[in-house]
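Q: Each chain, letter by letter, is given below.
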Amino acid sequence: MEYILKNGIVYDPINEVNGEKKDVMFKDGKIVDNVSDSAKVLDVTDKLVMPAGVDVHCHLAGPKLCLGRLYRPEDERRGVKPKTDITRAETGFSIPSCPATGYRYSRMGYGTVVEAAVPPLEAKHTHEEIIAIPNIDIPTLPLFGNNWFVLQFVKEGNIEDLAAFVSAWLKITKGYGVKLVNPCGSEAWGWGMNVHGIDDPAPYWDVTAREVIRGLAEANEMLGLPHSIHVHPNDLGHPGNFPTTLNTIDCMKDIKKNSEYRNQTIHLTHAQFHCYDGTSWRDVTSGVEPVADYINKHDHVTMDMGQVTLDETTTMTADGPMEYDLYELTGLKWANKDIELETASGLVPFIYSGRNPVHSLQWAIGLELALTIKDTWKVALTTDSPNAGPFIRYPRVISWLMSNQRRMEMMDNKEVHSWAARKSSLATLDRDYDFYDIATITRAGPSKIYGFEDRGHLGVGALADIAVYDLEPNNFDPSINAAAVEQAFGNALYTIKDGEVLVKDGEIVKVVSSRHVWSNVQGFEDEEKRVIEQIMPMFNKYYTVKFENYKVHDHYAEPSCEYKINASK
Amino acid sequence: MGYEEPVTDYDKIVENCTCAFCGSNCDDLDCLVKDNHVVAVRHACRLGASKIMEDEDQRLKVPMMRNENGELVEVEWETALDAAAELIANSVRPLFYGWSETSIEAMKPGLELTELVGAVIDNQATICHGPTVQAVQNVGYPLMTLGEVKNRADMVVYTGSNPMNAHPRHLSRYTTFPKGWFRKRGRYDRTLVTWDPKYSDTAKLSDIWIPFEENGDYEFVNAIRAVLKGKKLKKDVIAGIPTEDIYELTEKMKNTQFGALFFGLGLTHTLSKQRNIDIAIQLVQDLNKYTKWVLLPMRGHFNVNGFNIFMSYEMGFPYGVDFCRGYPRYMIGETTTIDLLNRKEADVFLVIAADPGAHFPSGANMHLVDIPVIQIDIHWGPTTELADIVLPGTFIGVETAGTSYRMDSVPLNMKKAIDPPETCREDEWIVTELLNRVKKIKEASK
Ligand code: SF4
Ligand SMILES: [Zn+2]
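Protein sequence lines correspond, in order, to chains A and B. Letter 158 of the first sequence, counting from 1, is numbered 158 in my numbering, and no numbers are missing. Whatever position you read off the second sequence (first residue = 1), add 1000 for my numbering.
One or more hints might be untrue.
[Stated by the list, open to error] The calculated lysine-lysine pairs, modelled on DSS-like cross-linking and capped at a C-alpha distance of 25 Å, are:
#1 K1179(B) <-> K551(A)
#2 K1108(B) <-> K510(A)
#3 K1416(B) <-> K83(A)
#4 K1051(B) <-> K1446(B)
#5 K1184(B) <-> K541(A)
I should point out that these hints are in silico values taken from the structure, not numbers from a laboratory.
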């Protein structure tokens, strides 16, 4: 099928298209530079056109989500929508059911969403959920930062075997890239403990976060993976944690990058939670300045926001000790799920409120980060959904970034507590993002960060993943129309995925299966085989499942989108 | 049982099969196969082995329908499926129950059928660990996978369950006997504790047995929590246990390095029901102020947890989900099976891989006598006596592969070892057939 999307105002930062009126043509799911006369015309004259959204970090499928749904029916009862002729029923607000997750992303014009934390032992569960989520491609990041085999290889300084292990485990779990969460700290949580800073070793292991981060980064680059290591540093959410954050990114500066497409060697995730100064929740202030300054001066780091949206939500992370701290702080129901040899994890419901001084400061810090880091290619829009807020709030976050007027109004009207203005520099930042910037932090930048050469842009040969929004950039000022911006980005005029119209006028018109996106490293097969044989005695002794039953069999990852990676060694 | 000679006469061994019996889902079974029969099973406990090997016993082999004389007689698959589809398509309040002993793959079309006709879908949690789920929704759920216990635990507590009889390999494979990474000497490195009024086989093996009095669970756990919070107990004996024993036990639990509490239906179904679980969970949460503690319910069927997980990710609610309004509703006491039957609401009952005839209260079963019952199962049982249409399925994990979730939510791909009887059909196939036929009927009547 051929289409021509006519006369839109196109923002395509990877191809340096900045608000040009032009046609976008596609055929058989790909962008092309010409079509025949019989091409179907979609008239989008003067409307805002971008590549479909790419989300770098969300929790949308897998065991944590499922535990959240099971123990929070009060959340599921929010956001209920009956079935239609096309869609199944929807439930949930911060932890929507799988079908609701797919429809909601699709309605916002997104085409690819990364599931940011997968315990390998339960990766099958994540893939089962992906099967139940429609309309988006989903790459997954298996957790490596507290894995016992990783700790051992790092301790031995054996990077080659570590690389082979990572390569094998990406195949076994059908994973895309390497995730670290509170390295060494989640292992310490196996004993109810935590580590602080990057040089505090995991109990009994005598390995530090610094060593794990560097080791996995070296392995990552040895394999030439499309994404860099993806790091949730130690000390998340602690006042005074910004030095740990700086140490985490700085310990990476001499690691050599092995990828032509991406710029970074480390992606710092939900940076908002990692930029606090002070010593307690009483004297906490923003720690954005030193972190933003560092990122402005160094090109080996990218980050995503983890923007607080001031909603009641559900926190969930493989950072088990952090969740217990949160439970002690709030007294709200605490769930925990530690995974043998791999990771911890926990959940606590959380009620962010603009009346609360700390939450308001967190809200300010996320925006402050995005507004003080100069190069938008280093910034990605996230809410660490659902941790700082549900992903359905992205349109609202966009409206905040585009309008200093709206931000000031919120601070002046007491929609947020005065700490937002007093303890951060937000009130002094009058920068407004424009549509090009928004296209950069929600599609172009994320696809570059992930090494997705085939998406996040509208160049010839790219996937025909396109979003059209009901705004006319040439007749519209987003800096004074926050509500209209939010409305438009939440209800795409068209969402096109692989050349098919899935959303029209904010409604789902077609449902397709999501693809499981994973990295298949080529050229390390012998090393993988040797390493698997080497670790098998330990596997058999300390896991409680058989290796044969551990892996994600192919049928759990269909339809798949496999990227063959040529390891350079 | 005397010594049995090892079986040497077999054609092949199928390794690493997953046991389709209890919620331990042991995935290390080796099935010895001869002439398409499992003649021996290595590694399984007696429960698992007998279920796998005696699969022919009372096996439902052909589709059946009840004739005018009320007898079940063999019919063609087409006839049985059409009749079942008619019943479902024309019902007002269909109820689809069971699912805990079949695969996730069979649940998928089952849910689709539920959504299509606006039925209620529910599983055995409704009569077993339902109160646990309620408690979890009240206060939280600090869990772990079983390997965490194997590798770290130095104290293991069982209460309201007797795994030596109901989950026979639980202690030997996961929690107590195996040598773990940090527990190199296995059993010797752990303290095994049983809280149970009965001197069960598990209690007999334990280092500490606390026989609180029947229905004393809440009071007993409450006392531990009080001691933990530094309160002084004012009675000499609480729930039948001398208070000095409670002080001593609390001290031990506090000073352990990694403790795991396992509880069964003995806790969920005594006097205080979900409140027992509430307080047990809160005890574990409190203990984490001092050291590491986790807990896990002892789920019975091999995929009872799987259904709750499946429903949660598909539709946001774990069991007892009603679709009659076109969107899912979950209200315990309203949308749960026993209540629907007691109120005589359901007008067609589809039961798959469950035996309500044996497990439901008689009031609920009386209503099943009055309404059409469609059974999908592999064995003849009390439910078959109530059934009007019987559709013989296949044995997941032996004859058909499929996905299940262990009690600690670890997903497993269960292999097949032998071919199913030719006259039987896979659950997934049967449910999909019903779905397609009901769709046709619905479309024709549009
Ligand atoms: S313990 Fe349970 S799962 Fe394991 S072999 Fe026995 S019956 Fe089967
Ligand atoms: Zn996250």
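Q: So, for every hint listed, does it hold in this structure?
A: Do the hints match the structure? See the list:
no.	hint	result
1	K1179(B) <-> K551(A)	24 Å, holds
2	K1108(B) <-> K510(A)	20 Å, holds
3	K1416(B) <-> K83(A)	36 Å, violated
4	K1051(B) <-> K1446(B)	46 Å, violated
5	K1184(B) <-> K541(A)	11 Å, holds
Violated hints, in rising order: 3, 4; the structure is consistent with all others.
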